[in-house]
Every structure is written in C-alpha cells, then in structure tokens.
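> Using the sequences plus the hints, can you model the full thing?
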Amino acid sequence: MPTLVKCTLALCFFCCFLDLSCLLAARFLLSNSRRIGIAPMAPSSSSGCFLVFFWIFSLMFISSLLLANSATVNGPQVGNIELTDSARIRRNLLDNGLGLTPQMGWNSWNHFHCHINETLIKETADAMVSSGLAAVGYTYINLDDCWGELNRDSRGNLVPKASTFPSGIKALADYVHSKGLKLGIYSDAGTQTCSKTMPGSLGHEEQDAKSFALWGVDYLKYDNCANTGISPKERYRKMSKALLDSGRPIFFSLCEWGEEDPATWAPGIGNSWRTTEDIKDSWESMTSIADRNDKWASYAQPGAWNDPDMLEVGNGGMTTEEYRCHFSIWALAKAPLLIGCDIRSMGNVTFELLSNKEVIAVNQDKLGVQGKKVKKDGDLEVWAGPLTNKKVAMVLWNRGSALANITAYWPDIGLKPSTIVDAQDLWAHSTETSVQDQISAEVDSHACKMYTLTPHTTVQH
Numbered sequence: 001m002p003t004l005v006k007c008t009l010a011l012c013f014f015c016c017f018l019d020l021s022c023l024l025a026a027r028f029l030l031s032n033s034r035r036i037g038i039a040p041m042a043p044s045s046s047s048g049c050f051l052v053f054f055w056i057f058s059l060m061f062i063s064s065l066l067l068a069n070s071a072t073v074n075g076p077q078v079g080n081i082e083l084t085d086s087a088r089i090r091r092n093l094l095d096n097g098l099g100l101t102p103q104m105g106w107n108s109w110n111h112f113h114c115h116i117n118e119t120l121i122k123e124t125a126d127a128m129v130s131s132g133l134a135a136v137g138y139t140y141i142n143l144d145d146c147w148g149e150l151n152r153d154s155r156g157n158l159v160p161k162a163s164t165f166p167s168g169i170k171a172l173a174d175y176v177h178s179k180g181l182k183l184g185i186y187s188d189a190g191t192q193t194c195s196k197t198m199p200g201s202l203g204h205e206e207q208d209a210k211s212f213a214l215w216g217v218d219y220l221k222y223d224n225c226a227n228t229g230i231s232p233k234e235r236y237r238k239m240s241k242a243l244l245d246s247g248r249p250i251f252f253s254l255c256e257w258g259e260e261d262p263a264t265w266a267p268g269i270g271n272s273w274r275t276t277e278d279i280k281d282s283w284e285s286m287t288s289i290a291d292r293n294d295k296w297a298s299y300a301q302p303g304a305w306n307d308p309d310m311l312e313v314g315n316g317g318m319t320t321e322e323y324r325c326h327f328s329i330w331a332l333a334k335a336p337l338l339i340g341c342d343i344r345s346m347g348n349v350t351f352e353l354l355s356n357k358e359v360i361a362v363n364q365d366k367l368g369v370q371g372k373k374v375k376k377d378g379d380l381e382v383w384a385g386p387l388t389n390k391k392v393a394m395v396l397w398n399r400g401s402a403l404a405n406i407t408a409y410w411p412d413i414g415l416k417p418s419t420i421v422d423a424q425d426l427w428a429h430s431t432e433t434s435v436q437d438q439i440s441a442e443v444d445s446h447a448c449k450m451y452t453l454t455p456h457t458t459v460q461h
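The sequence shown begins at 1 in full-length UniProt numbering and counts up one residue at a time.
No lab work stands behind these hints: they were computed from the structure.
Just so we're clear, the structure is a prediction, and the values are computed from it rather than from any experiment.
Ideal Cβ positions, reconstructed from N, Cα and C, are used throughout, including at glycine.
A portion of the hints provided could be inaccurate.
Unchecked claim - Derived Cβ-Cβ restraints for the label pairs, each shown as a range: (1) K376 / D425: 20 to 26 Å; (2) T228 / K179: 35 to 41 Å; (3) R292 / G97: 27 to 33 Å; (4) K295 / R155: 41 to 47 Å; (5) G316 / T431: 32 to 38 Å; (6) D174 / H113: 23 to 29 Å; (7) P411 / D278: 35 to 41 Å.
To be verified - Straight-line distance between alpha carbons at most 35 Å, and here's what the computed DSBU-like set of lysine-lysine pairs gives: (8) K122 / K196; (9) K357 / K122; (10) K170 / K122.
This is how it looks when you write it as structure tokens:
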C-alpha cells in the first residue's frame, strides 16, 4: 500500500477518535454539570456546529489526499493508455536534469563494432552537422566498446588506445563540442568490457567517473559483461552515484539487457535502461524486441526511458518499409533514437527516414508517455499513445505476408467515439480533416502507416 494512503487512513482514524472524544466530553458535562459544581450548561448549537464543521473539513481533506494520490501514483488514463505527465511523482528518478525527452544521436557499435578510431568519430560529427541530422535533434556522438587499452596505467586509470585515439578522449570531446554536439563513451559494470579488449569499471567507479568528467564526456553507456555475479542494482547504483559526484552532468544509459527487469528499479539510477538483448539487423529481431520492450511501457517517463537498443536503419538487413516500421515504433515507444549506420555515406532514403520531423516530434513529445500496442488481430496491429494538447499518435502495423486493411476505432486508442479529429499521415505528409469514429488504411506486408490525430476543439456529443 502506498505510504500516502497509509498516512491518510491513519489520519482518518485519528479524526474519528477526536470527534468521538469531543462528543462524549460534551455529553458528560451536560449531564453532570450540577454534580461537579459548575453552572448548568444549555445545549449549545455552536458546539454542535463546530463538530459538524470539523468532521466535514476532515472528510474533505482526506478525500483530497486520496484523489491526489490516485492522480500521481496511478496516473491519469486515456482509454486503456496510461498517461505520465509533470504531475506524476518523480521522487524516484535520477536527479541529474538529463533525458527529459529520449536521447537522440549516433552510436558506433551496430555498424563498426570494434573498428573505430578518432578520425571516424570526427568525420561522423562533421556528417551529423552537414547532413542536417543535428538540426532535427541528433546530439550525441557515442563511442562504444574498444576505445581503450587492454590495461589501466600505473595509477589505475583507463587509457585511450594509442593506435586509434592518439589525441586522447579530451581532445576528441573538444572537437565534438566545437560542432555543437555531445560526446558519449562506453564502459562496463564488470571486470572487462564485452569485447574483452579493455578493463571494465567494476571497483573503479569513482575513478573512472572522474576521468570521464575531466575529459568532457556527456554520456555513458554502461554494459553488463564479466559482472562476477554481483547484483546489477548494486553495480549500476555505484556508477550512478559516482557520476553524480563527478561534478559534470553525464547521461547514464544502463545496458543490463533486461535480465533482471531494470524498468522496475532503474528509474532512480539511470536515464535509460536496456529492456532486451542486442538488436540485430533483421525483421525478426526488430519485431521481437519491439514486443518485449512494450511490456514495460508504463515505466517510461521524462528522465527515465525504456531502451530497446539502437537503430539499425540504413545498415542493409531490412527493406525500406521494414526500416520505416522500425523507426516508427521506436519513435512511438519513446525509445532512444541512436543511429547505428555510417551516416558519412548514407543514401537519401536512409536520411529521409531518420530526419522525418513529424515522427521525431512524436518521440520528443513533452508529455513523455510511451506508446504501446493497443489492438492485435493476428499479424495486424494498432499501436498508440497520447501526446500533449490531447493529441494521439498511432501506428497501423502489418506484420503479415500480404496487403491488408487495418482499422483503429477511437476507443482502441483512447478517444471518445464522438471525437472529430484531423489525421496527419506522418510519412505521406498529408492530412485528412474531420475524421470521426475510426481510421482505416490499406497497409502493405511488413509496412506501416503512422498518424498524429488532433481533436477539434468542439467535440460532438
């Protein structure tokens, strides 16, 4: 039972006891005034009114507490979609002021794995700006595994690999910052990183966090290999505290792979947490990860996000329409939008997918409510979630092998049946006005349609 409810019930019992005591005392004085030697007391309407007023006030106070608790702990509802807004209790979130919307940027692992160097990182930062991706919100340039030497130096510090990062991480961060971007780095909550080519940070949390801060790092992805069996809560909490104490705001991305349900304990530790194993550049991997991440939708909120792993858009393992589904569902689910392809050589189609401002706006919506699967009919699905200003984002997703019609009825997505909306198709860049009751579309195999629905200010009843 929530603490506020317990306190409210205790207050209720106390008020009842106090009122009963006052009533009994008044009756005693009235019936025994002569015997105890005081002037006879006439029944007083004012004392009765006081008791009535006191009891009414107590009930009003208790009711307000219960209503406040219901609104903040359980969250308001739109249909069957749970809302999260600025009123939700945030006392358990990581207090570093970061991640109020899902992080956007680029990560080296999906495309380059261990084949990274400072030239690649600088060229990627350049391309992020020159391509226009930075202008639509992509901010972080994140190194993944393999940036460091196999061993620490004589003082126990992590050492950038001389053959690939000869200028060091501080110089690289300065370069990235000069482009108006932020630099991210990688470590591991174990004795070694997953590549086994450099030390992990287990037992060196404070030392490494200070190094990251000194170098000007803005983001840490923290993996889960070689963890020696220590509880992830303990391991990740230590690094979280070390980062907070480092003197520099550093976005903390937990990469625990969802093994011990981090959505249930990570909001007070990190800004995002992986909910699944690593993604692969395939339809099967992407769809299964979307389903597993969906389980934890109610835990996402500003400053704390579910992470179904980085984007594979542009890496070549899926069709354009499959990548469109990938990007649409990640955006709707308020997932981190971390590009995983080589943006230096991406084609126009990849750029158009990654730079769709309307889809990105759904992901970055300030309400911060993760969209979720709200309807399933075999391989035909409707995903939806609320946005600010009473808007709704929706994806009609055909995971089947043939063209099909998909219909979303307003109650499915949290709208009243009488609501009239303007439906903006975010990929076709077209708008259908005054739509009522439902929206239907023919959707190709392994394809989707994505909409933002804007209710008219006057609703018909």
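> In ascending order, which of the hints set out earlier in this document are inconsistent with the structure?
none
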